[in-house]
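Peer 1: Protein sequence lines, in the order shown, are assigned to chains V and L.
Counting from 1, position 55 in the first sequence corresponds to residue 51 in the numbering used here; the numbering is continuous, with no gaps.
Heads up: take any position in the second sequence, counting from 1, add 532, and you land on the numbering used here.
Heads up, some of the hints might be wrong.
[To be verified] Simulated coverage check for chain L against chain V, where a stretch passes if three residues somewhere in it have a Cβ under 8 Å from a Cβ of chain V:
no., region
1, 549 to 560
2, 592 to 599
3, 788 to 794
[Unchecked claim] Distance windows between CB atoms, simulated:
no., chain 1, residue 1, chain 2, residue 2, range
4, L, Ala579, V, His47, 28 to 34 Å
5, L, Lys627, V, Asp60, 20 to 26 Å
6, L, Gly582, V, Arg173, 22 to 28 Å
7, V, Ala36, L, Gly793, 43 to 49 Å
8, V, Val42, L, Ala590, 22 to 28 Å
Just so you know, the hints here were simulated from the structure itself, not pulled from any lab data.
All C-beta atoms, glycine included, are put in the ideal place defined by N, C-alpha and C.
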Amino acid sequence: MSDGQVVTDEVEADVRRVEDPGQKIDVALVGQAVRGELEAFNQLVVRHQDHLFALVYRLVPDRDQAADAVQEAFLSAYRNLGSFRGGSVKSWLGRIAVNAAMDLQRTRRRRPSQPYPEFEDESWQPAAGQDVEPEHKAIAGERSRVLAAALAALPFDQRNCIVLYDVEGYDYGEIARIMGVSVGTVKSRIHRGRLALRAALAPVRELFRG
Amino acid sequence: MDRTAATHPTHDELLLARLYGGDVDERERSRALDQIASCQDCANVFADLGAIAVATAALPTPPRPRDFTLTEADAARLGRRSIGWAIFDWLGRTKALGGSMVAAGLIGVVFVGAISVFAQSGGSATLDTGLTGNRAPVSAPGYVAYGSASPALDQSGAGRNTLSGVAVTASPSSTVAPQAVVASPAQPHVPATSGDETGKQAPSTAQPGSSGETAFGPSNGGQGAVSGGSSSPATNNSSGGGTLPASGPDSRGVAFAAFAGLLILGVLLLSVPRLVDRRVRRQRG
Chain V
-3 MSDGQVVTDE VEADVRRVED PGQKIDVALV GQAVRGELEA FNQLVVRHQD
47 HLFALVYRLV PDRDQAADAV QEAFLSAYRN LGSFRGGSVK SWLGRIAVNA
97 AMDLQRTRRR RPSQPYPEFE DESWQPAAGQ DVEPEHKAIA GERSRVLAAA
147 LAALPFDQRN CIVLYDVEGY DYGEIARIMG VSVGTVKSRI HRGRLALRAA
197 LAPVRELFRG
Chain L
533 MDRTAATHPT HDELLLARLY GGDVDERERS RALDQIASCQ DCANVFADLG
583 AIAVATAALP TPPRPRDFTL TEADAARLGR RSIGWAIFDW LGRTKALGGS
633 MVAAGLIGVV FVGAISVFAQ SGGSATLDTG LTGNRAPVSA PGYVAYGSAS
683 PALDQSGAGR NTLSGVAVTA SPSSTVAPQA VVASPAQPHV PATSGDETGK
733 QAPSTAQPGS SGETAFGPSN GGQGAVSGGS SSPATNNSSG GGTLPASGPD
783 SRGVAFAAFA GLLILGVLLL SVPRLVDRRV RRQRG
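Bound conformation, chain V alone (with noise of 0.2 Å):
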C-alpha cells in the first residue's frame, strides 16, 4: 500500500470521525486534495483565506507582505498535504500560516519597514451598522489605528502570542508548539506584551474606557 493511500485512508477515516460540520467539509476537501483534486483544495483556500490573511496581517504590518506570506502558506499547504494527520484543517492551516509569517518576520527584523501604512487610509474600515454615530465610529476608528499601530511595535515574539491568544483563541499550549517555545514563555510574552501595550496606549487611554 503506498504512502498515498495510506493518507487518504486516514483522511476518510478522519472524515467519519469529525462532528463538526464545517470541518467535516475540510477534512472531504483535504481527502480530494491528497488524490490530486486541485479544484477540491482551491476550495480550502477560498474557505479559509480570508481568516488567513487576517490572522498573518496582525502578525506582519504590511499587506502586501501579510499577502506574500499567506500565498506561501497555502503553498505550503498543497506540497505537504500528505502531512496532515487529521484534526482541525483550520489549525493546520493557521499553523503553517503562522511558521510563514514568522519567517517572514525574520527577514523584516533585518528590513524594517512601515508598520501598518493601511491605518493611515480608513477607506478600508468595515462599515458601521446604520445606527452607529458618527462620533462613536470616529473614536472605534481611532482606537484601532492606535492600538494597531502599539502592537506592531511590540517585539514579534509578544506580538505573536498576544494575537494567537487574544484574537485566535489559541491556548497556551498550542501557542507554544507553534512557535517552538515553552509554556512559561508563551505566558511570560503574554502577560508582558500586555503591560507594554498598556504602557504605550497610556496617552489615548480614554478611548478604551467607556
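Position chain L against the provided structure of chain V, taking the given hints into account.
Peer 2: Relative to the frame of chain V, chain L by itself:
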C-alpha cells in the same frame, strides 16, 4: 484600604497581567485580588488590560488584496519536483545550517590563514648576534626543514651537527664568520661559533659566551632548542614557530581548502531560499 497612588509603584503589575491571563495559583490570585481591591491604580491596570484585549480581538483587517487559489501551473510546478530538488530545497531552507557553516568556514579560513601568515613571517625573521665581522646567515626557519646553517662552523669541511636530535647542516666554508644571522625566531639561539673553533662540533656542545663565541637567547646549555632544549622534532617541525601546532604547509593547505569549501557551501545554502522564492514569485507573476 489604600486607594491612593502613593503605594501603587510598589505593587506588582505583572501579577495583575497574570491574573487576567488566568496564570496564577490560589495564593497569587488572592494577593492580586487584594491588590485590586485596595489600590485604585491596580484596579485601573486590570480594567485596561481587559479593554485592550477586547479591542485587540476586534481589530479590523484590510480587505484581502488578491485571491490565493492555486493555478494549474502552480500545482504542476509543485507536483513535478524531483527528490533531488526537494532535498536541495529542504537544505536550502535550513538557513540556520547555512549560517552555521558560513560562520565555521569563515573562522576556520581566518584561523588557518593567520597561522600560515604567521609562520611565513616568522620564517623570515633575522636575529643579529651582535658579532662583528663577516656575516654568515643561518637560514633556518625551522629546525628540520630549514636546518641548513651556513656559518663557518667548521673550516675543515662540511660538518653535521645535531641539536637534540635535529640535524643542522653546516656548509663548508673557510671563512671565519664571527657574526651569524639566524633567520628564525624558532631557533634564536643556534650557537654560532667563531672561526677559531676549528674542527669542533660547535652547536651541541658549545657553551654560550665561552671562548669568544656568541651566545644569544637564553642559555640552555647549548642544546639549541627554544623551550629549554628539550623540544621534540614534532614541535620543531613547524616552520618558524616552535609554539605553533605541528602542521606543515600541506596539512594547512588541506585545512584551508576544507574550511573554504565549508564557507562556500554555507553561502550556497543561504542563497538558495532567495533563489527559490524569486523563482516562485516570477512563475506566479
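Peer 1: A separate judgement is required for each hint: does it hold in the structure or not?
Peer 2: So, going through the hints one by one against the coordinates:
no. : hint                            : result
1   : 549 to 560                      : holds (count 5)
2   : 592 to 599                      : holds (count 8)
3   : 788 to 794                      : violated (count 0)
4   : L:Ala579 x V:His47: 28 to 34 Å  : holds (30 Å)
5   : L:Lys627 x V:Asp60: 20 to 26 Å  : holds (22 Å)
6   : L:Gly582 x V:Arg173: 22 to 28 Å : holds (27 Å)
7   : V:Ala36 x L:Gly793: 43 to 49 Å  : holds (46 Å)
8   : V:Val42 x L:Ala590: 22 to 28 Å  : holds (25 Å)
In this structure, the one hint that does not hold is number 3.
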